[in-house]
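> For reference, the chains in residue letters:
There are 2 protein chains.
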Amino acid sequence: MKELINVIDNALDKYLQIEYPEDIFKAMKYTLMLPGKRLRPVMCIETARILGCDIEKVMPAACAIEMLHVQSLIHDDLPCMDNDDFRRGKPSNHKVFGEANAVLAGDALLTYAPQLIIEKSTDLTSEQIVKILHEYTKFAGAYGLIAGQVVDIESEGGKLVKSAKETLDFIHLNKTAVLFRLAIKIGAIAADADKYTIEEFDNFATKFGLAFQIYDDIMDEISSFEELGKTVGKDKASDKLTYVSLYGLKTAKNKFNCLIQECCDIIDKYDSKIFNDILSRLAARINS
Amino acid sequence: MKELINVIDNALDKYLQIEYPEDIFKAMKYTLMLPGKRLRPVMCIETARILGCDIEKVMPAACAIEMLHVQSLIHDDLPCMDNDDFRRGKPSNHKVFGEANAVLAGDALLTYAPQLIIEKSTDLTSEQIVKILHEYTKFAGAYGLIAGQVVDIESEGGKLVKSAKETLDFIHLNKTAVLFRLAIKIGAIAADADKYTIEEFDNFATKFGLAFQIYDDIMDEISSFEELGKTVGKDKASDKLTYVSLYGLKTAKNKFNCLIQECCDIIDKYDSKIFNDILSRLAARINS
Chain A
824 MKELINVIDN
834 ALDKYLQIEY
844 PEDIFKAMKY
854 TLMLPGKRLR
864 PVMCIETARI
874 LGCDIEKVMP
884 AACAIEMLHV
894 QSLIHDDLPC
904 MDNDDFRRGK
914 PSNHKVFGEA
924 NAVLAGDALL
934 TYAPQLIIEK
944 STDLTSEQIV
954 KILHEYTKFA
964 GAYGLIAGQV
974 VDIESEGGKL
984 VKSAKETLDF
994 IHLNKTAVLF
1004 RLAIKIGAIA
1014 ADADKYTIEE
1024 FDNFATKFGL
1034 AFQIYDDIMD
1044 EISSFEELGK
1054 TVGKDKASDK
1064 LTYVSLYGLK
1074 TAKNKFNCLI
1084 QECCDIIDKY
1094 DSKIFNDILS
1104 RLAARINS
Chain W
824 MKELINVIDN
834 ALDKYLQIEY
844 PEDIFKAMKY
854 TLMLPGKRLR
864 PVMCIETARI
874 LGCDIEKVMP
884 AACAIEMLHV
894 QSLIHDDLPC
904 MDNDDFRRGK
914 PSNHKVFGEA
924 NAVLAGDALL
934 TYAPQLIIEK
944 STDLTSEQIV
954 KILHEYTKFA
964 GAYGLIAGQV
974 VDIESEGGKL
984 VKSAKETLDF
994 IHLNKTAVLF
1004 RLAIKIGAIA
1014 ADADKYTIEE
1024 FDNFATKFGL
1034 AFQIYDDIMD
1044 EISSFEELGK
1054 TVGKDKASDK
1064 LTYVSLYGLK
1074 TAKNKFNCLI
1084 QECCDIIDKY
1094 DSKIFNDILS
1104 RLAARINS
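Read top to bottom, the protein sequences are chains A and W. Positions in the first sequence are counted from 1; adding 823 to them yields this note's numbering. Positions in the second sequence are counted from 1; adding 823 to them yields this note's numbering.
Looking at chain A on its own, in the form it has when it is part of the complex:
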């Protein structure tokens, strides 16, 4: 796992070179290269590997997903959104480069990610690239990630169109699960998996994404800044709609454990050390 993270870090560094005008590339690269778990590219690559696809073939698309993830973090941290001064233990993008550059760095990552897929995925067919870009655009935009972010912001302002439970599910599915679904689906498409297999992995990714968001909600409640590298306790302070605030800590933990178990049941037959590691580490942290 650590080895794979290194490989991904090196690829990200190589794919994004500093050019003129330097400020924008530096801003893009700053948040991108902050040490992270690289969970989404790892899961993209591991899905592809399990299904018989070379790591080189899927690497550009895996890195593109990390770029999309980082784009969403940069924009989410902006003063007009979550107004967060820290990310991965360091000052957030707009604190270092200013708001204008942070907005533009996000925009640039959002378009460079698919550009990277097109330019570097030389072993994928045009049909595969179109399929991958279709998933990318669907999940990255108003039918995915952005829908989740909008409803999240609205719910913080107390504006609920649907019930609290439905709203929370919508946010979790779209704000968090969506990027895991995208990562794993792209891995499966790169491996030319059949429809049934893609659906099975998508089901796994959805459950994992929900579990991961509940994990995040719980950690915001019980963890420290040093441990997470970002401001904690913000959800509670802002009276935010979370799994913990809606169901309480105990039910949240139960739901998390059920989802992790369902994930294990699906992925079990593939004998993947990396997926098992990810699932057991999350579970250990919550149940310690």
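These aren't lab readings, by the way, just hints derived from the structure by calculation. Nothing false has been slipped in among the hints.
Since the list gives no way to pick out one identical chain from another, each pair is judged satisfied if it fits inside one copy or across any two copies.
In silico DSBU-like cross-links for lysine-lysine, where the CA-CA straight-line distance does not exceed 30 Å:
#1 K825 to K852
#2 K1078 to K961
#3 K961 to K837
#4 K852 to K982
Starting from the structure of chain A, add chain W where the hints point.
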């Protein structure tokens, strides 16, 4: 021309339906549907038509370019960028929907544009779609539009890495010409034009884009809010680097006229009423 604008307006309206969460789709649609000249989609469609391609085949891509253009307007108007309260004569996006939604509406248009190309360009091959999306991502991001915007902002702050003249050329080429180049290149790709023809049209688009930016600089100097639908005289007030501020009004007009003449020379053999109309209208306004 007016008829074609109507067809484009109807297509834009049809392609972008209001769904849940409504606020984001409303914000996207608000600026998109403000009455505009639709110059970029018109030129995309006219290029395709001249080169023998059906209008239906290129319509999704033409509308996608307008969406990209509108995305750049929404983000450019933000308080942290140009801080402009008006656009096309109406309050700008963040004045109506708030800053957070304006940032997200821009992001959503930036990803919906390529999604639209993938989903609705049913008569284009996968190879053509990949080519079009490649141009889209290159021109929309840090190697195009965003590079132009970054250097524009930096030059306003007096930060020049290159000479004033080189900087101005870079801004004009990347901030303005890029979207005309993209529009016309996509039209040519949809029509399956050969490399020589694509280059010829790209040359036309670059010259037109520069002329259009000089036109814009001159209009900011000599026009009124009522005429342009946006704040005027801002360039002068902010001591902005423009063709007028660097070369003076007379030289700017001369340069504009030369570029328009070069455009006429290139496009002449295609006998296009629409291109001739666009060129002569711009010229008439500047030389009246």
